[in-house]
Amino acid sequence: MNAPRVRRPFAGRLDLEHGQVELSHGSGGRAMAQLIEDLFAAAFRNPWLDQRNDQACLELPPGRIAMTTDSYVVSPLFFPGGDIGSLAVHGTVNDLAMAGAWPLHLSAGFILEAGFPLADLKRIVESMAQAARTAGVSIVTGDTKVVECGKGDGVFINTTGIGVIPEDIQLSGDRARPGDCILLSGTLGDHGVAVMSQRAGLEFETTLKSDSAALHDLVAAMIAAAPGLRCLRDPTRGGLAATLNELATQSSVGMHIREVAIPIRAEVAAACELLGLDPLYVANEGKLVAVCPPEDADRVLAAMRAHPLGAAAALIGTVREDPHWFVTMETLLGGNRLVDWLSGEQLPRIC
Amino acid sequence: MKYIDEFRDGAAARGLARRIAEEARLDRSYHLMEFCGGHTHAIYRHGIPNLLPASVRMIHGPGCPVCVLPIGRLDLALDLATRPEVILCSYGDMLRVPGSGGHSLLKAKAAGADIHMIYSAAAALTLAQRHPDREVVFFAIGFETTTPPTALVIQQAAQLDLPNFTVFCNHVLTPPAIAHLLAAPEAHELDTVPIDGFLGPAHVSVVIGSEPYERFAREHQRPVVIAGFEPLDVMQSILMLIRQLNEGRVEVENQYTRAVTRAGNRKAQRLMAEVFEPRPVFEWRGLGSIPHSALQIRERYAHFDAERRFPMMERAATEPRACLCGAILRGVKKPTDCKLFDTACTPETPLGACMVSSEGACAAYYRYGRYQEAA
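Heads up: the protein sequence lines correspond to chains F and B, in order. Residues in the first sequence are numbered from 18 upward in steps of one, following the working numbering. Residues in the second sequence are numbered from 1060 upward in steps of one, following the working numbering.
No lab work stands behind these hints, which were simulated from the structure alone. We put the CB at the ideal spot given by N, CA and C, even for glycine. Treat the hints with care, since some could be wrong.
[As the list claims (entries may be wrong)] Simulated pairs of lysine to aspartate or glutamate, EDC-like, Cα-Cα distance not exceeding 20 Å:
1. B/Lys1168 x F/Asp32
2. B/Lys1166 x B/Glu1407
3. F/Lys168 x B/Glu1407
4. F/Lys139 x F/Asp32
[As the list claims (entries may be wrong)] Estimated spans, in silico, between C-beta atoms of each pair:
5. B/Arg1380 x F/Gln267: 31 to 41 Å
6. F/His35 x B/Glu1373: 27 to 37 Å
7. F/Pro325 x B/Ala1403: 29 to 39 Å
8. F/Arg254 x B/Gln1215: 54 to 64 Å
9. B/Asn1109 x F/Arg254: 43 to 53 Å
10. B/Thr1395 x F/Gly196: 49 to 59 Å
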């Protein structure tokens, strides 16, 4: 890789140990150029970024292009198993992967709050760079804005991603058909509970880590095992319940799952019990739901279980004909209930 | 999960369901009210209705503290929250409930009011200690379960001589509400649904004991079984009620023996009596005015009473006219009998008391049971 041939217009280095984000870091002048040079460009280095243009000009392999964008506002910024930086890479990579796309490039937009410690920003940027390297994607263009103190929450990050979908892959949320099998790649609720355990006023001790991870490699293994796969979706905000309702509505079908088949860690179940939350509605950042024809289910499940990110994969239910597009569940007790969309925020019950 | 899994065991549930089906007589029906919102939630969340025979109907009572708080009281809390010197704190469930004009604490918070969601009364006290320059008001709600912790923090605030901590007290009492339900005209009229027996509250009874239910069981000739909150607790309690009704017994039985005694928690009761006294009358959303059904802060702790520290003007607030909450809470109507249910009134846009919290009868039915009507 060529070293950047940019003459440094600034004398000193950024004080990445004790410095803070200042309004001038977003105002287009020397301070901003220095922040970009010493922090972002240094961490994300790649041929496109090294050209220092306002845009990246890309040549893509053949195939359909998938594109997605997501903004990250997680609080707290650092949590067990990840931080806002790694999350901003994994979340967008996964949205591409759910279309069967191989993710290639990301953009990164930062909205920083004046007064935010540069040391924390450095940690976030380096974690983001590490996550991108591991996922095999490059952050090829970006933007930095600074808002006054009190008008942000430390750091907000937006990432946009593009990827290429190999020929013959047709994954879409509207392709579920009655009789299809519903698979889940692993335990529910790890991310949501890990984040909540760190929240002010709620701190509880847990060894639990966020499941935040890039899933495109797992997806590739699943597609290789069964090209007839119909839909993939990652159950992030709103949890499994929201994802199944989305797929049911898009495909105009009902879905029926079995509570006994859904993998949930004991720590997550205990925390949910304590806080009055339902794990079906808690966010995940490294799990996916797959719908496939019944004849493919065994092969897909085997491929998932053979991959480290799908080791606890399970067949959790089936797609049904239903004019109301309801998602229902057979409970542990053997009764039935509706699994509705989340209403409002999931708030703890009081007694 | 230990202490949880054994109360959610599928095989045990099937066994209980079989026994209920065998013992429920074919020549009669069993209308059983679970008073407590926690039971309503458990019944629907675990799909218990379709494990019961058609002759057993569960009626969902008014034991959801968030649901029964009248709009007028919530409006007062909203007024308090918008005072610049005030930090208002309350339990999570309370934040979503709409007051007049659809305004809620969550909306007020988004608009800039300083409102904190807390998980314990102790957190309210900590907040006051951390912000000595602000007035911290604890918007206290709940039945006898959440009342002792509120009493405790008021006493602690008195010991610490905290000048910036007050409680807006909205604690309500279970036994007067159950007695009121049984005295309501609908309970006696022909062609309306009678309540044959009660599933008594779990956590409330840990505090007050099983004794307070004995009087109205006798007076109104209705059996009571105090039930734990786990699904197998609920099913076993239903079986116990069916047996009492079949045998013509009218007793207060305790299924939740692992936590409830006849006398209850004397220490918690003393604490409540030291700090609180009954209000002459309190308005319940959906049920109307019930005498001696709520608590207020005693004179000796007046300094910590938000109603005394801040000027409060209760405004008249009206319930939507077509709302059937009152009749639903008395078991006379079902959620689906209401014209507003799933049309104008949904969990996103709740109009009536029963839709505001996941423990309310309409919200629980909407969230977990709606598919059965459609099937």
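Results for each hint:
1. Between B/Lys1168 and F/Asp32 the alpha-carbon distance is near 37 Å, which puts this suggested pair outside the 20 Å criterion.
2. Among the hinted pairs, B/Lys1166 with B/Glu1407 is consistent with the structure: their alpha-carbon atoms are about 13 Å apart, no more than 20 Å.
3. Of the supplied pair hints, the one linking F/Lys168 and B/Glu1407 is violated, its CA atoms being roughly 29 Å apart against a limit of 20 Å.
4. For the proposed pair F/Lys139 and F/Asp32, the alpha carbon gap of about 11 Å is at most 20 Å, so the pair holds.
5. Hint check: B/Arg1380 to F/Gln267, Cβ distance near 38 Å, so the stated range 31 to 41 Å holds.
6. Checked against the given bound of 27 to 37 Å, the beta carbons of F/His35 and B/Glu1373, roughly 54 Å apart, lie outside it.
7. As the Cβ distance of F/Pro325 to B/Ala1403 is approximately 50 Å, the hint placing it in 29 to 39 Å is violated.
8. The hinted window of 54 to 64 Å between F/Arg254 and B/Gln1215 is violated, with their beta carbons roughly 38 Å apart.
9. Take B/Asn1109 and F/Arg254: their Cβ atoms lie about 31 Å apart, and the range 43 to 53 Å is violated.
10. The beta-carbon spacing between B/Thr1395 and F/Gly196, approximately 31 Å, falls outside the hinted interval of 49 to 59 Å.
Hints 1, 3, 6, 7, 8, 9 and 10, counting from the list given before, are not met by this structure.
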